[in-house]
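Visitor: Chain by chain, the residues run as shown.
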Amino acid sequence: MLRFLTRRALGAIVILFLLVLLTYLAVMSLPVDQAMLNCPKGCSPQQLAIVRHNMGLDKSNFEQVLDYVKGLFVGASHGADGFCNAPCLGYSQSRHQFVIDVIMDNYPATIMLALGGSVCFLVIGVTLGMVSAWKQGSLFDTIASSFSQLGQSTQIFFVAPLAMALFVTNLHWLDKPGYTPFTEDPISSITGMILPWLVLSIIFWSNYTRQVRSLMIEQLSEDHIRAARAKGMSNRYVWWRYALRGAMAPIVTIFGLDLGVVLSGAVITEVSFGIHGLGMLAVKSVTAQDTQLELGVLLFSAAAILVFNIVVDAAYGLLDPRVRIG
Amino acid sequence: MSTLTKPEAAGTPAGAGDAFLSVRDLRVRFRTEDGIVKAVNELNFDLEAGKTLGIVGESGSGKSVSNLAVMGLHNPRNTTIEGSIKLEGQELIGLPQRDLEKLRGNKMAMIFQDSLAALSPYYTIGRQIAEPFMKHTGANKKEGRERAIEMLAKVGIPQPDKRVDSYPHEFSGGMRQRAMIAMSLVCNPKLLIADEPTTALDVTVQAQIVDLLKDLQQEFGTSIIFITHDLGVIREIADDVLVMYAGRAVERGTMREILKTPQHPYGWGLLSSIPRINASVDIPLRPIPGSPPSLLNPPSGCAFNPRCEFREQVTGDKCRTERPALEEANGHLSACHLTPAQKQSILTEQILPRLSS
Amino acid sequence: MSAEQTVSGAAAKPVATGTPLLEVSGLTKHFPVMGGFPFKRQVGAVQAVDDVSFTVNAGESLGLVGESGCGKSTTGRLVTRLYEPTAGSIKYMGQDIAHASRKELAPIRSEIQMIFQDPYSSLNPRHTVGTIISGPMEINGINPPQGREARVKELLEIVGLNPEHYNRFPHEFSGGQRQRIGVARALALNPKLIVADEPVSALDVSIQAQVVNLLQELQKELGIAFVFIAHDLSIVRHFSQRVAVMYLGKVVEIADRDSLYEAPRHPYTHALLSAAPDADPDNLAGERIRLTGDVPSPLNPPSGCRFRTRCWKAQEKCATEEPPLVQLSGSADGHLTACHFPEFGDVQGNAKAPATEAATAPESEAKASVPEQRESAE
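Residue numbers (the UniProt record's numbering), protein chains in the order written: chain A, 1 to 326; chain B, 1 to 357; chain C, 1 to 378.
Simulated from the structure, these hints should not be mistaken for laboratory data. Just so you know, not all the hints are guaranteed correct.
Label pairs and their in silico Cβ distance ranges [what the hints assert, rightly or not]:
no., chain 1, residue 1, chain 2, residue 2, range
1, B, E219, A, N235, 27 to 35 Å
2, B, R77, C, N143, 53 to 61 Å
3, A, Y237, C, Q315, 48 to 56 Å
4, B, Q350, C, E221, 25 to 33 Å
5, A, V323, C, A319, 31 to 39 Å
6, C, N283, A, D223, 28 to 36 Å
7, A, N235, B, G221, 29 to 37 Å
8, A, D223, C, E138, 35 to 43 Å
Stretch by stretch, here's where chain B covers chain A in the computed footprint (C-beta under 8 Å, at least three residues) [unchecked claim]:
no., segment
9, 221-228
10, 233-243
Derived DSS-like pairs: lysine-lysine, alpha-carbon spacing no greater than 30 Å straight-line [claimed, not checked]:
no., chain 1, residue 1, chain 2, residue 2
11, B, K86, B, K107
12, A, K135, B, K102
13, B, K38, A, K135
These numbers were taken from a predicted model, which means no experiment stands behind them. Just so you know, even glycine gets a beta-carbon here, dropped at the ideal spot from N, CA and C.
Based on the provided sequences and hints, a complete structural model is requested.
Guide: See the structure below:
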């Protein structure tokens with residue numbers, strides 16, 4: 001297992017490095033002059049040159065990438081702003097902060113949204129799928145599968161305002177959604193997130209319902225299910241210990257990948273509910289033309305996804321004894 | 001069909017009901033999208049305690065289906081089972097699931113053809129063996145594990161105390177089949193149903209498994225139903241043999257009767273179509289023409305009639321219009337319209353010379 | 001030619017009776033096993049086939065028998081060049097095709113065809129029977145004088161199917177009929193050699209004989225040579241004039257069928273024969289030899305003789321020295337055996353329990369170690 005993790009971590013670092021190179025080059029080829037954006041109105045060519053020099057923009061493209069990568073590993077000094085510790089993701093011109101600090105300020109909201117949302121879609125999706133498989137061909141099965149299709153074909157930017165209008169504005173069941181740190185006020189932290197969680201889970205759980213249903217039906221037709229019943233195991237026991245156990249590995253795989261996706265920032269959900277998380281940050285960095293921030297958010301999200309990819313593969317090895325990891 | 005019940009009753013051995021397992025007029029029907037499949041029809045047989053009944057037949061002959069019915073393993077949603085299955089006098093058909101669960105793995109157990117598929121890949125061999133033991137005897141985990149090790153040793157698995165923690169995929173095919181036998185015998189069942197347990201194995205391993213089953217039967221006095229399509233294996237293990245075709249019994253008798261003096265054209269065909277290891281190689285095999293019938297729409301009359309080479313010897317169109325009853329002819333039961341004399345002369349003049357060549 | 005051979009049995013060396021069509025020598029296939037850290041590299045090899053040599057004469061059938069994992073199917077796939085061998089040569093009509101390129105193989109591919117075990121997965125379910133059978137002709141750009149469709153219908157008739165079923169799909173046929181379609185496809189290019197990999201083992205007993213007879217007729221009438229791979233010893237004996245027994249990637253014994261089945265010299269052959277179930281309750285061929293255990297892993301086969309871990313005659317020599325495949329004294333011509341302590345070559349006399357065999361081992365060793373006229377395998 002340790003070997004596997006090390007090998008995969010090395011692979012992930014290579015991928016991230018290539019990502020840095022490509023995105024950095026892509027960002028730099030944009031027709032945006034960072035120095036111009038950071039120069040006060042009507043600044044003279046001399047002032048512009050100083051700003052450019054301070055930002056390191058007078059160096060060659062290659063040197064800039066090198067500086068960036070170096071910052072990732074050993075940190076970098078940013079003149080008056082002090083020393084940026086490794087991993088240094090650069091300096092945000094729009095926020096006048098180090099990018100890593102900006103991300104860390106915004107990330108708790110994303111974690112809160114992602115964890116709660118994923119619990120919602122996992123529980124709802126798996127439960128519906130299990131019941132559908134149990135009552136295969138029943139009215140419940142039909143309704144659940146139509147509901148799944150509906151969920152998969154809707155869009156968050158459509159559902160979110162609708163849900164807000166209904167539950168917040170008209171029914172007054174919930175306060176206006178928003179992120180409050182859990183440590184400050186646990187109750188309003190949760191109540192503020194209920195709506196975003198449910199709305200975020202809509203596009204995810206339908207997939208679980210369908211997968212769990214077909215996996216369970218497939219498992220129940222396996223020989224070892226019949227053999228377990230032939231041993232005198234009760235239907236309930238066979239259902240939980242044999243069928244669900246077999247369906248678990250693929251479900252955990254999908255779940256891990258989905259978790260990686262939501263943890264790297266649910267852009268539309270965050271924007272729709274005004275939650276200041278990583279997704280919102282990504283949008284703002286683009287509108288502010290803050291390239292260093294864009295780059296930082298991008299890398300951070302990519303890293304989240306890569307980490308969960310590794311976690312998923314490792315989990316598969318633990319869940320299925322036939323898969324040897326080494 | 002009702003006209004057939006009288007001669008059919010003649011086919012049931014005297015003293016029926018005393019037998020350890022007795023199956024009467026068993027019918028199994030499946031509802032499918034294409035219609036109703038009559039998988040087993042009017043099946044009767046008895047099994048004495050400590051004996052082995054071999055059931056021979058091709059795919060779709062109903063040999064597995066009828067035994068899954070004994071175990072009560074069919075999906076009640078699309079299956080109807082009628083008739084009577086009595087295990088030591090207890091009627092199994094219509095028994096509630098809870099009561100069946102208490103019998104399965106305890107009083108009656110089953111082993112399957114594909115041991116890789118029949119064992120869950122997610123649990124250790126030891127756990128899977130211990131499970132029914134713990135359920136039926138109320139033993140705790142530790143006792144279950146000890147029992148699993150004991151059973152693994154009994155079925156001849158080396159280092160059972162280590163192998164008990166292995167997963168099925170870490171075993172070879174023969175070892176897995178042994179483990180499955182251990183799993184089925186963990187509660188000393190009185191009835192063991194073995195559904196093609198040797199088919200997927202190599203000949204040398206196949207022989208090991210047959211020997212093992214025979215030894216265990218000696219030790220525990222288990223009654224065995226051994227399902228196979230291999231007449232060579234039947235010879236090794238069976239006391240009595242039931243030959244099935246298209247969901248019905250077409251012949252029933254002792255192993256020697258069925259293999260040496262078969263009385264049904266299907267039995268003749270089977271024996272003539274398998275090459276013997278010591279027969280002349282210059283004589284071509286005599287295959288049974290055609291292929292097994294569909295159970296959705298079986299042929300009228302005798303289900304074997306479209307493939308039967310002796311159909312013309314029966315007067316009239318009886319083979320196509322009337323189903324032959326399972327009646328005694330020349331010593332054992334067979335379902336064929338040929339007269340006993342005809343059967344005897346075909347057997348001695350045409351079939352036996354073919355086999356001994 | 002084949003009739004001659006069956007009658008005269010071991011009368012002559014098979015090489016002399018026909019012209020060699022396929023000469024395989026030193027054929028080896030190792031499948032690499034990857035692993036290691038931090039970078040994956042080859043850490044071992046599954047020795048699926050190791051140094052296998054045999055000859056198939058024109059019009060002759062060579063049977064390959066053995067248990068699962070003995071390398072018989074891999075050998076078949078090497079001969080048809082579905083796999084490329086790790087070492088050794090495969091000479092087809094004198095031309096070495098072991099490492100031939102696609103282009104060089106093209107003309108030979110049509111002459112060596114294969115029939116597969118599973119009649120369900122070896123036919124494309126979306127193609128009609130006509131398309132399936134004419135496929136090989138199309139790929140090889142062959143236009144029979146009567147036209148492809150007429151040729152396909154002719155082939156369907158040859159294999160005993162209704163030519164009018166030209167436009168049907170595989171699922172409309174039963175298992176035996178599908179296997180006939182597979183045979184027709186193999187025949188489409190007038191092959192000289194057909195490799196049949198367990199062609200009947202997926203079929204019902206009553207159907208097996210139909211396909212065996214069909215193949216036998218084809219062999220006799222069209223003079224096609226066969227490499228017939230099967231685990232069923234009776235069927236192999238029925239079909240093949242010569243039989244090679246494989247164990248863990250090696251040929252342990254090869255001989256004319258009469259010689260092999262009546263006078264096996266290798267303990268493994270003997271054990272296999274005695275384990276084969278026979279349906280005749282009166283055929284009491286003495287006590288059976290019961291092999292214990294399973295076939296070892298081809299990843300790490302035993303040293304010396306690979307059978308020694310299950311052999312009741314094994315001695316120290318078996319672990320240190322690999323027995324060559326040679327003609328032993330007392331064997332019929334062309335009967336090659338790879339064993340240090342061979343059997344007496346008499347089924348009746350040898351039909352004893354392993355225990356007795358073991359007890360008399362020193363004696364048999366003495367007999368066996370009488371200097372043998374060891375000829376080279378090639």
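Visitor: Each of the hints needs a verdict: does it hold here or not?
Guide: Evaluation of the provided hints:
no. : hint                          : verdict
1   : B:E219 <-> A:N235: 27 to 35 Å : 33 Å, holds
2   : B:R77 <-> C:N143: 53 to 61 Å  : 55 Å, holds
3   : A:Y237 <-> C:Q315: 48 to 56 Å : 53 Å, holds
4   : B:Q350 <-> C:E221: 25 to 33 Å : 27 Å, holds
5   : A:V323 <-> C:A319: 31 to 39 Å : 36 Å, holds
6   : C:N283 <-> A:D223: 28 to 36 Å : 35 Å, holds
7   : A:N235 <-> B:G221: 29 to 37 Å : 31 Å, holds
8   : A:D223 <-> C:E138: 35 to 43 Å : 41 Å, holds
9   : 221-228                       : holds (count 6)
10  : 233-243                       : holds (count 4)
11  : B:K86 <-> B:K107              : 13 Å, holds
12  : A:K135 <-> B:K102             : 25 Å, holds
13  : B:K38 <-> A:K135              : 26 Å, holds
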